[in-house]
Every structure is written in C-alpha cells, then in structure tokens.
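Chemist: Could you build all of it, start to finish, from the sequences and the hints given here?
The numbers in our numbering rise by one with no breaks, and the one at position 55 of the sequence shown is 55.
If you are wondering where the hints come from, they were derived from the structure by calculation, not from laboratory data. Small disclaimer: the values here were computed from a predicted structure and weren't measured. Every residue, glycine too, gets a C-beta built ideally from N, C-alpha and C.
Per label pair, the in silico range of CB-to-CB distance: (1) ALA105 - LEU158: 38 to 46 angstroms; (2) GLY141 - VAL165: 41 to 49 angstroms; (3) ALA89 - LYS17: 14 to 22 angstroms; (4) ALA45 - ASP125: 34 to 42 angstroms; (5) ASP108 - THR166: 40 to 48 angstroms; (6) ILE176 - ASP16: 18 to 26 angstroms; (7) TYR32 - ARG164: 26 to 34 angstroms.
Calculated pairs, DSSO-like style, for lysine-lysine (alpha carbon to alpha carbon, straight line, at most 30 angstroms): (8) LYS66 - LYS20; (9) LYS66 - LYS33; (10) LYS25 - LYS66; (11) LYS17 - LYS29; (12) LYS20 - LYS33; (13) LYS194 - LYS230; (14) LYS33 - LYS17; (15) LYS33 - LYS230; (16) LYS66 - LYS29; (17) LYS29 - LYS194; (18) LYS66 - LYS194; (19) LYS230 - LYS29; (20) LYS66 - LYS26; (21) LYS33 - LYS194; (22) LYS17 - LYS66.
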Amino acid sequence: MKSSNTATEFHSQIRDKFVKGYQVKKDFKDRYKIWTGLIDRYVAAGSRVLDAGCGPGLLSFYCASKQCDVIGIDGSSAMIEYCLAESAAQGGGIEFLHRTFPLAANQDIGTFDTILCSSVIEYMDDPVEFLEDLDRRLRPGGMLLISVPNRRSVYKQLELLCFRVTRQPAYLSLSINTFAENELNGLLEPMGYKSIETIYYGSGKQPIGAMFNLFGQVRGKNMFVSALRKSGD
Numbered sequence: 001m002k003s004s005n006t007a008t009e010f011h012s013q014i015r016d017k018f019v020k021g022y023q024v025k026k027d028f029k030d031r032y033k034i035w036t037g038l039i040d041r042y043v044a045a046g047s048r049v050l051d052a053g054c055g056p057g058l059l060s061f062y063c064a065s066k067q068c069d070v071i072g073i074d075g076s077s078a079m080i081e082y083c084l085a086e087s088a089a090q091g092g093g094i095e096f097l098h099r100t101f102p103l104a105a106n107q108d109i110g111t112f113d114t115i116l117c118s119s120v121i122e123y124m125d126d127p128v129e130f131l132e133d134l135d136r137r138l139r140p141g142g143m144l145l146i147s148v149p150n151r152r153s154v155y156k157q158l159e160l161l162c163f164r165v166t167r168q169p170a171y172l173s174l175s176i177n178t179f180a181e182n183e184l185n186g187l188l189e190p191m192g193y194k195s196i197e198t199i200y201y202g203s204g205k206q207p208i209g210a211m212f213n214l215f216g217q218v219r220g221k222n223m224f225v226s227a228l229r230k231s232g233d
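Modeler: Dropping the structure here:
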C-alpha cells in the first residue's frame with residue numbers, strides 16, 4: 001500500500017503554493033482552525049503524536065507547542081526539507097522523516113497516543129491497508145484524527161463530473177478515494193474505533209463555492225474530519 005510516486009511528486013511541486021495557501025486562502029485558514037481546535041480538545045500536553053502525511057508540518061509544530069513528542073512523516077522529500085528547515089529555525093525538537101506507508105520492518109517508530117492524518121488517505125492505493133498500518137501504531141485508548149474528501153458533497157460530485165469531461169482539475173487524477181461519514185466509520189469500527197466527533201468544512205473555489213453552503217453541512221462541504229477513539233485502556 002502506497003500512494004503513487006506521481007502523487008508524491010505532485011505535492012513536492014506544489015509545496016510553496018501549499019504553504020502560502022495557509023497564509024492567504026480562507027479554506028486553508030478554516031482547515032487549520034478546525035484542526036487546531038480538535039488538537040486542543042483531544043491531544044493532551046506531553047502526548048506522543050504521529051503526524052502521518054505531515055506536509056509542511058503545521059500540525060506537527062502546533063502539537064510541539066503543546067509540549068508533545070512529535071514525529072512527522074511524509075512521502076514528499078520537498079515537504080520534509082521544508083519541515084526540517086522550519087524546525088531548525090524554531091530550535092528543533094520535532095523528528096521529521098521522509099518515508100512512505102507502510103513503514104518497513106527496520107523503520108519501527110513505536111506507538112503513539114494520537115495519530116493525525118490530514119488529507120492523505122485519498123491518495124492511497126489501498127485505504128484499508130493504510131488504516132491498518134496506522135492502527136498498528138496507535139495505542140489502545142488513543143485518538144485518531146483523520147480528514148477525507150466528502151463523497152456526499154455536491155461540489156465534489158460536480159467537480160468529478162467536470163474532471164471526467166475535461167481532465168481538470170488535474171489533482172483528481174491522483175486523489176482517488178472519497179468517503180461518506182458512515183463509510184469511513186464502517187472501515188474503522190471493526191478495528192475497534194468509536195467516532196467521537198465529526199466536522200464538515202471546505203466550500204471550494206470562491207465565489208461559486210459559497211453557494212454550495214445552501215445544501216447544508218453534509219452536502220455543502222467538501223471535506224470532513226473525524227475524531228475517533230481506539231478501544232482499550
């Protein structure tokens with residue numbers, strides 16, 4: 001189970017644009033606010049945290065600010081280079097690794113209290129195998145915070161239709177998995193996970209995207225993030 005090399009290369013190519021997005025784009029800012037709110041609610045200070053698919057490391061750095069022991073992993077060498085430079089500028093303290101899931105047997109990183117997984121599973125060839133690999137690294141009673149593209153989003157459905165006709169937006173050739181909330185829960189519940197909270201977000205390109213808010217949260221938002229607790233002590 002891996003994301004394609006093309007997906008990894010794509011994210012390396014858009015690194016600077018992606019980082020800038022969190023500074024200037026409303027959807028990116030909203031995403032960061034939602035994620036940091038979830039971290040505040042579910043990640044205790046001092047926890048051991050895995051940021052699986054860390055991208056430019058924003059969530060890793062936020063967890064580190066809460067005195068967490070953080071490891072960030074990404075398949076994009078450009079993203080990891082950025083993370084390492086930022087970490088050095090901030091005094092270090094976070095371990096960033098250029099690796100892909102599943103990790104090799106000689107790449108064991110131990111287990112974690114919390115795993116963050118923001119916009120990663122959509123690029124995976126085998127989503128179930130990916131989730132199983134994360135599960136092996138999460139301690140009993142731990143929290144999984146995971147975001148996915150919302151299959152029920154009207155905007156997403158129209159975007160996919162447009163892609164089938166025009167092959168645009170190009171990223172949809174790489175983003176191959178979408179989920180409804182019950183579908184994601186259906187994959188994780190047999191592994192012993194219970195959904196605690198789900199938040200829908202993302203309206204697509206503005207100003208057109210704002211019109212889809214009329215469909216409500218479940219049909220009007222492009223993404224959702226779920227907080228799930230693993231069974232056990």
